[in-house]
Structures are given as structure tokens and as C-alpha cells.
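S.K.: Take 1 as the starting number for the sequence shown in the UniProt record's numbering and just add one per residue.
Derived from the structure by calculation, the hints contain no laboratory data.
Keep in mind that a hint or two might mislead.
Claimed, not checked - Quick list of in silico lysine to any residue cross-link-like pairs, SDA-like style, CA-CA up to 25 Å:
id : residue 1 : residue 2
1  : 44        : 70
2  : 44        : 27
3  : 44        : 25
4  : 44        : 66
5  : 44        : 28
6  : 44        : 29
7  : 44        : 57
8  : 44        : 68
9  : 44        : 34
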Amino acid sequence: MTWEQTEHYLREQIRAQPRGFQTALAERLGISQPAVAQFVGGGKSIPTSHLSAILDMLGLELSVQPRSPQGARP
């Protein structure tokens, strides 16, 4: 999964949360709600410095593994 795909997934997950989630996320990140809206709306990239808190609030974890060699079958 590329960073762009990861951002798209996170944006979808944030948008799917109940009302008030973006405000709570902004408070957790120490930024304004409009700043959260900018990266959720795709106007700005999600800062990697916020990734841990975003994943935590969404109940997600990030897993990194080696890429499969090109042409290899699972």
C-alpha cells in the first residue's frame, strides 16, 4: 500500500466517525478543527507526525512488511 492509499483509507475512516470526532482529534493533535478538515478533505497531506495519534483514535495499527518480489505469487 502506498502512502497515498494509506492517506485515502485514513480519510475515509475519519469521515465515517460520529459527529465530533474531528474536533476530538484536533484537540488530541493540538491543532485546530479546520486544520484537521484540511487534511481529511484532501487539501493537505496528513502529517506523519500525527499518524500515531490518528491510528490510536481510530483503533487501528500500522503494520510494515517487505514487499513481495515483482511477479511472485502469494
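S.K.: Compare the structure with each hint and give your call.
M.R.: Status of the hints after comparison with the structure:
1. Restraint check for residue 44 and residue 70: not satisfied, since their Cα atoms lie roughly 31 Å apart, outside the 25 Å limit.
2. Taking the CA atoms of residue 44 and residue 27, the gap is near 18 Å; set against the 25 Å cutoff, the hint holds.
3. The hinted pair formed by residue 44 and residue 25 meets the criterion: a straight-line CA distance of about 16 Å does not exceed 25 Å.
4. Proposed proximity of residue 44 and residue 66 is contradicted: the alpha carbons are some 28 Å apart, above 25 Å.
5. With a C-alpha separation of about 19 Å, the suggested pairing of residue 44 with residue 28 holds against the 25 Å cut-off.
6. For a cut-off of 25 Å, the pair hint linking residue 44 to residue 29 stands: about 16 Å separates their Cα positions.
7. Distance restraint check for residue 44 and residue 57: the Cα-Cα separation of roughly 20 Å lies within the 25 Å cut-off, and the hinted pair is therefore satisfied.
8. Proposed proximity of residue 44 and residue 68 is contradicted: the alpha carbons are some 30 Å apart, above 25 Å.
9. A distance of roughly 11 Å separates the Cα atoms of residue 44 and residue 34; the hinted pair therefore holds under the 25 Å criterion.
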